[in-house]
Amino acid sequence: MLVLVLGALVILGAIYAEPVPPEKTVVVPPKAVVQRPPDETVVVLPSPDGHTGTVVVQRGGERHVLNRPFAASRLAGGQSEMVQLSDAEVRQSFAVTLEALPARPTTFLLYFVRGTDELTDESKQELKKILAELKQRPVPDIMVAGHTDTVGKLEANDLLSAQRAERMKGFLIEIGIPARQIQTAGRGERELLVPTADNIDEPRNRRVEISVR
Amino acid sequence: MRWTLLLCLFCFAAGVWAGDVGQIKAATGAVFLERQGQRLPATLGMPVLESDTLVTGADGSAGVTFSDNSVLSVGPGSVLAIERYAFDSTTHNGHFDASLKKGTLAVVSGKMVKQSPDAMRVRTPSSIMGVRGTEFVVKVIEPGN
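So the sequence lines, in the order shown, correspond to chains Z and L.
Heads up: the first sequence begins at 1 in the working numbering, then just goes up one per residue.
Heads up: the second sequence begins at 1001 in the working numbering, then just goes up one per residue.
One thing to keep in mind: the hints can contain errors.
Stated by the list, open to error - Stretches of chain Z that chain L covers, calculated by requiring three or more beta carbons in the stretch to come under 8 Å of a beta carbon on chain L:
# : segment
1 : 43–56
2 : 65–77
3 : 141–155
4 : 186–196
Because the hints were derived from the structure by calculation, they are not lab data.
For every residue, glycine included, the Cβ atom is placed at its ideal position computed from N, Cα and C.
Only chain L is shown next, with the shape it has when bound in the complex (with noise of 0.2 Å):
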């Protein structure tokens, strides 16, 4: 019984903080970071929260590390949206959807894949693409670009 109410101030404890899922690590020219309905200049050091959506200008690059120890980045004229995720440190397992509506992005993926490989997805406006532990580069071109 001791045990276990310690256990649950830890999973409390862990609850904390599993808001932030990843850290802005570079960020270069016009990047931003959609968050409910509102458009926030990305700096470096920002939180990245779920339901982020990153957003880069025509000179922008950012790159991301998330709790999972997974990293990415998006180069210039990209929109990526963090659909879902979540990672718990004790089990690792999670879950990781993100899509990629135009621009180019760039995956090292991490511990959440390792554990369970389909617990990452990214999508693309034409494709699903499911991760194996793995590095992998992704490119969409609008019509007319």
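Extracted from the complex, chain Z is given alone in its bound form (with noise of 0.2 Å):
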């Protein structure tokens, strides 16, 4: 009899038993390389003149204004701070890089007799200077930006100051500079060096800007 109770109780823990789940293969996950970002530094630095413009850096959710002389935004480990450098380490930091930095481009204005694309007697005299500036740079090319006050119509402006860049390409070819080295440009009206209303006779609006690179 015990042993009949017994069998059954044994029976019906069987039953009862958790089944045994079947074997699993456990994947054991490699151990995870993080992969840190690479380091970075971004710094404002003053022009020659003295001011200093603006850099926004936007990094993740953040964003780093950075507008004063040798402001600096960097990510560092992960961690990204705004910081304050000096001139000295910055400017040893990137020494090979601003020693490479091209001589930026010098801007000469010359002018001319109104409604026509004859130089003024001085600006003729300030083509020697572009002379001199171009000996100074390794591999020189010229941009001729023609301007005009506005006298007249945009559309007409447009064509004076292209003929103005032109005719002053021509100057510069005289003198001696190779013409695949210069391009032009005509500006009309846009970019008046004196603001005037329309249809004023200015003689520092009508000009040719030179930018020696």
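Bring the two chains, given one by one in their own frames, into a single complex with the hints.
This is how it looks when you write it as structure tokens:
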């Protein structure tokens, strides 16, 4: 009798026993390699005239506005922060790069007689300075941008400014600058040196701007 | 009508050299321009085009002047992609997107930034920089270096 009861219990136990889960293959993840982003530094420099512009650095959700000399935004070891660096450490850290920076373009302004593509006498003298500047540069090229005052229509001024630039290119070729080094553009009355109303005769606006770079 | 035609001619003439966006003004050591899968040794006076990537070796540095008068330079071990560049010399509208993958970069912004402050953007692996008429330097150091 006892044997029977015990036997029944064993059978019941077997029925209610938790099913043994089938053997699983355990995947051991390889040791995670945390891919850290590269370290970064951004620094604003004052320009030679002392003015400092603005660089806005957007990094993830952060926004760093750099507008003071040698203000920097840094990402180091995954940590993002704004810091103030010194002139000396920036110049040292970026010495080779800053050494390679090409000379900033130099700009000359030459003026025209009203409604013509004839240079004023003073401006003819300026051409010599342009030659001197060209000699300072290893591979010079020149951008000649013509401008007008506001006398006349916009389209006519676009043409006149382009003619002035082309005429200037002619002068530059005459004094020995190869044509392939010279580009021209006509800016019309879009960039007045002296702001005026429409149809104002303003000699200082009748000019070409020559960038030697 | 006549003016319009002439203007179109000027626009066309401008378009002819619009492909040159810049020029190599300084090159020391190993300097290359990667262009359409090719790696060209960069020499002084060589034109730089949109979509070019400027690459320097461990001893290299290079300087480039762009058509809007912006200038930039890269130091040793640098990779700088000129992703997008356009500049209209009549209106001064344009855009300039560059990406520094690694190395060092110095930038002096030019005329297009004066015309429209959002025209120039420089990217690094983790950041995007908006440039408001200024000079700045950038360094990207890969982990382990």
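Verification of the hints:
Proximity of the segment 43–56 of chain Z to chain L, defined as three or more residues with a beta carbon under 8 Å from a beta carbon of that chain, is established by the 10 residues found. Three residues within the 8 Å Cβ limit are the bar, and the segment 65–77 of chain Z against chain L gives 3, so the coverage statement holds. Check on the segment 141–155 of chain Z: 4 of its residues sit with their Cβ under 8 Å from a Cβ of chain L, so the three-residue criterion for coverage holds. Chain L is given as covering the segment 186–196 of chain Z, and this holds because 5 residues of the stretch bring a CB closer than 8 Å to a CB of that chain, at least three being needed.
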